[in-house]
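Line by line, the protein sequences are chains A and B. Position 78 (the first sequence) corresponds to 78 in our numbering; numbering is contiguous. Position 242 (the second sequence) corresponds to 242 in our numbering; numbering is contiguous.
Think of the hints as simulated: they come from the structure by calculation, not from any bench. You may find that some hints are simply not true.
Each pair of labels, with its calculated beta carbon distance range [claimed, not checked]:
1) A:Gly-61 / B:Ala-45: 58 to 64 Å
2) A:Ile-79 / B:Ala-81: 27 to 33 Å
3) A:Ala-27 / B:Arg-138: 34 to 40 Å
4) B:Val-211 / A:Pro-33: 41 to 47 Å
5) A:Ser-24 / B:Gln-148: 35 to 41 Å
6) A:Leu-71 / B:Ala-151: 36 to 42 Å
7) B:Glu-188 / A:Glu-20: 42 to 48 Å
8) B:Ala-44 / A:Ile-79: 26 to 32 Å
9) B:Arg-79 / A:Pro-33: 54 to 60 Å
10) B:Arg-66 / A:Asp-86: 20 to 26 Å
The C-beta atom is built at its ideal place from N, Cα and C for all residues, glycine as well.
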Amino acid sequence: MRIALKSYGTILTSRPAGREAALSMKAHIHPVPGEMIELDFDGVLSVGPSWLDEVLSSLRGDYGRERVICLPTKNFSVIESLRVIDA
Amino acid sequence: MKTETRNNILQIIKKRGGVRPNDLKKELGITPQAIHRHLRSMVAASEIEVIGRGPKTLYYIAGNPRLDKVLNWSASNDRPAGDPGESNCETRDVFTARLSHLSSLTKTGLKEEDLSLVISVAGEIGNNCFDHNLGNWRDVPGCWFEFQVTAGRLWICIADRGQGVFRSLRRVDPSIPDDQSALITAFEKTLSGRAPENRGNGLKFVRNIIVVGEKRGVACRSGAGIVDYGSLGQECRSVLAVHPHPPIGTVTLILWSMI
């Protein structure tokens, strides 16, 4: 299952916005057991670690760390955010 | 003589900030025509830049920020008089909307690949103002957010009149002794000022982005503390240090070379 993050905005910053996005995602996705949840950053201009941390923590908490993955991207803000979050 | 006059003009502008041609005429005692001739050649040589038109024309040192308004606003002991205008972001929603204005910077020379980082860095700092001060502002709610491009250099200033870093962190770690230690902790260690929530990565992210680039800098001042990071951090610190330190809140200055 792929989630297009651009549908949550092109600039994704702040914890409250991340928390709200995660709640919305969980309300609309219904992955079958074992199905991977792929976060797609295509079309997103900028992501902050606060926003991404809220989304990842929430999804990983519900579906398990190994089932939530970030698709490869050249967006530096995503790469650097992940470096801090998963340090 | 020509070089001496130009040096004198530079010194006057450095000392005063923005100056009008009329100010220079009075100070140097030379004709308006001569003043304008010197100013034109100095603008052409990218030594100075011109802001405004007609009688409101002011000349500034190229590459230096014009931050008197925000730094005076930040340093004021009492509730600042006057309206900060468009720079004031009273709520997080307003700040987020204005953050998107940074997208226009690619038209003035910011590389596409740097834009995502500039926005996320400014976003982390601005959102921190709201995360730590919502409902606890000292007087003016929200933050001051402005950016300027001069001579291929992007300056971003974000200031708030909130509790300051020391007060925020001391609640979760009473062993932090002062403003300076609190700032170092905020930028270099993982400690959430909103414990038990799992936070505290934002300013580490900012420091990482600034330090990894060749021509970037950040300085942050809160209370009597001040820190700087990156190759241009010292320059940011110098700009902040000219003004009295903010009594409580926080002011952060980012410099990002676009050349």
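So, going through the hints one by one against the coordinates:
1. Checked against the hint of 58 to 64 Å, the C-beta distance between Gly-61 (chain A) and Ala-45 (chain B) comes to roughly 59 Å, which is consistent with it.
2. At about 45 Å, the beta-carbon gap between Ile-79 (chain A) and Ala-81 (chain B) misses the expected band of 27 to 33 Å.
3. One distance hint, 34 to 40 Å for the beta-carbon pair Ala-27 (chain A) and Arg-138 (chain B), holds here, with the actual separation near 38 Å.
4. One distance hint, 41 to 47 Å for the beta-carbon pair Val-211 (chain B) and Pro-33 (chain A), holds here, with the actual separation near 43 Å.
5. A beta carbon spacing of about 36 Å between Ser-24 (chain A) and Gln-148 (chain B) agrees with the range 35 to 41 Å that was offered as a hint.
6. Range check, Leu-71 (chain A) to Ala-151 (chain B): about 39 Å between beta-carbon atoms, so the 36 to 42 Å window is met.
7. Between Glu-188 (chain B) and Glu-20 (chain A) the beta carbon distance is about 30 Å. The supplied range of 42 to 48 Å is therefore violated.
8. For Ala-44 (chain B) and Ile-79 (chain A), the Cβ-Cβ distance of about 41 Å falls outside the hinted range of 26 to 32 Å, so the restraint is violated.
9. For the pair Arg-79 (chain B) and Pro-33 (chain A), the beta carbons lie near 58 Å from each other, so the given range of 54 to 60 Å is met.
10. Restraint check, Arg-66 (chain B) to Asp-86 (chain A): a C-beta distance of roughly 40 Å breaks the suggested window 20 to 26 Å.
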